[in-house]
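Visitor: Each chain, letter by letter, is given below.
Number of protein chains: 2
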Amino acid sequence: MQKPATTQVPIHDIIANRWSGRAYDADKAVSNDQIISLLEAARWAPSCFGDQPWRFLVWDKNQDAAAWQKAFDCIVPGNQTWAKDAPVLVLVCADTQFNHNQKPNRWGAYDTGAAAVSLCLQATSLGLMTHQMGGYDGDKARTAFNIPEQYQTMSMLSVGYAADVDTLEGEAKEREMSPRQRRPLGELFFNGEWNQPII
Amino acid sequence: MQKPATTQVPIHDIIANRWSGRAYDADKAVSNDQIISLLEAARWAPSCFGDQPWRFLVWDKNQDAAAWQKAFDCIVPGNQTWAKDAPVLVLVCADTQFNHNQKPNRWGAYDTGAAAVSLCLQATSLGLMTHQMGGYDGDKARTAFNIPEQYQTMSMLSVGYAADVDTLEGEAKEREMSPRQRRPLGELFFNGEWNQPII
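Chains as they are written, first to last, in this note's numbering: chain A, 17 to 215; chain B, 17 to 215.
Only chain A is shown next, with the shape it has when bound in the complex (with noise of 0.2 Å):
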């Protein structure tokens, strides 16, 4: 299923495509040269001084099922019910400190961010799919995991290949067919004052 934004004037394809769907493809495994791509479009996301803050834990269901199990226990009920066909779970983490000074970073979480999305775009073009998800239990995870306190949980994401939208029931199966949509641009982008509307 493809769900391509709407624009004004067309963006680049893998930006316009990249959409947070649920029916994944169980059967269909995500390569290790895969996950690697997905890696190095994080790497090469900008950062404040160069820091790098992101910390990513990834499980491979294929490669290790149980390993896998324990990050989709730290999921929530309501996102299992589709994230349990997704091959491969990602939990993205934001140091709060600075590599060169351990002084409080406040562009972790920012730059993560920005890391974080450079990996669902690469999955875009390799045609996975992706869905970052605030709804999971971080302290469970922290324990399961041995997450330092100084990194901050900020994403469960899972990537693997789109299915069919009937592989889906319930509410995940109908807010997998509504429109995508967004906030008009002038709420959001402004013309040299704030509030003040680009268009």
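Any given hint could turn out to be false.
Heads up, the list lumps identical chains together, so a pair's fine if it works in one copy or across two of them.
Calculated pairs, BS3-like style, for lysine-lysine (alpha carbon to alpha carbon, straight line, at most 30 Å) [as the list claims (entries may be wrong)]:
1. Lys19 to Lys156
2. Lys119 to Lys189
3. Lys119 to Lys156
4. Lys44 to Lys86
5. Lys156 to Lys44
6. Lys119 to Lys44
7. Lys189 to Lys19
8. Lys156 to Lys100
9. Lys19 to Lys100
10. Lys86 to Lys100
Think of the hints as simulated: they come from the structure by calculation, not from any bench.
We have chain A; now place chain B onto it with these hints.
Guide: Chain B in isolation, oriented as in the chain A frame:
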């Protein structure tokens, strides 16, 4: 000047070729359609609860030189030496609250980072160059452009066409010519357990 990322497996061109250069062509304007396409790319970034917490203030020197100057005056001198030739400046801000309930949004900066890098990648796809700066006076910008306290300023971002590196001098030229570097994959990306290198 092209400085593509060095990767173990290929990644998409617009991700590999995005880089934060400093040599801008002061004589080549960014068109209004190009600006809108950059903002559309940001607009379609993913966000927690679909909140879209990003707000961007945009200044185009060729539309309003005085307003652009006011933004430029917020940039620290070290960055002004090269940012002076960038025709477009963008101040990226993040909402600290969710729109639907006014509660704190712990993903405000994270999602805003995704929107900002989406703009940068769209710029690369149009042959434009971006550079995000942490080096600007956020308080000065807040006062100058009436930015409400509810929004954090995250990054000042330059947009324009690249110029020959010889248009730069001193440290900016040196940095422009030095190779791009990132930490090894295994320091940032872990296989199932914290600090277990993916590769």
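Visitor: Is the C-alpha distance from Lys189 to Lys19 at most 30 Å within one copy, between copies, in both cases, or in neither?
Guide: within (14 Å within a copy, 43 Å between copies)
Visitor: What label fits Lys156 with Lys100 when the C-alpha limit is 30 Å: within, between, both, or neither?
Guide: within (18 Å within a copy, 49 Å between copies)
Visitor: How would you classify Lys19 and Lys156 at a CA-CA limit of 30 Å: within, between, both, or neither?
Guide: neither (33 Å within a copy, 41 Å between copies)
Visitor: State whether the alpha carbon distance between Lys86 and Lys100 is at most 30 Å within one copy, between copies, both, or neither.
Guide: within (12 Å within a copy, 51 Å between copies)
Visitor: With identical chains, the pair Lys119 and Lys44 could be close in the same copy or across copies; at 30 Å between alpha carbons, which is it: within, between, both, or neither?
Guide: Answer is neither; intra-copy 43 Å and inter-copy 40 Å both fail.
Visitor: Up to 30 Å between alpha-carbons, please classify Lys44 paired with Lys86: within, between, both or neither.
Guide: within (21 Å within a copy, 53 Å between copies)
Visitor: Quick one: Lys119 to Lys156, C-alpha cut-off 30 Å, is that within a copy, between copies, both, or neither?
Guide: This pair counts as both: shortest intra-copy Cα distance 27 Å, inter-copy 23 Å.
Visitor: Evaluate Lys19 and Lys100 at a C-alpha cut-off of 30 Å and name the case that applies: within, between, both or neither.
Guide: within (22 Å within a copy, 40 Å between copies)
Visitor: Since the copies are identical, ignore which copy is meant and state whether Lys119 and Lys189 lie within 30 Å (CA to CA) inside a copy, between copies, both or neither.
Guide: between (45 Å within a copy, 29 Å between copies)
Visitor: How would you classify Lys156 and Lys44 at a CA-CA limit of 30 Å: within, between, both, or neither?
Guide: within (28 Å within a copy, 52 Å between copies)
In the structure shown, a violation is registered for the earlier hints numbered 1, 6, in ascending order.
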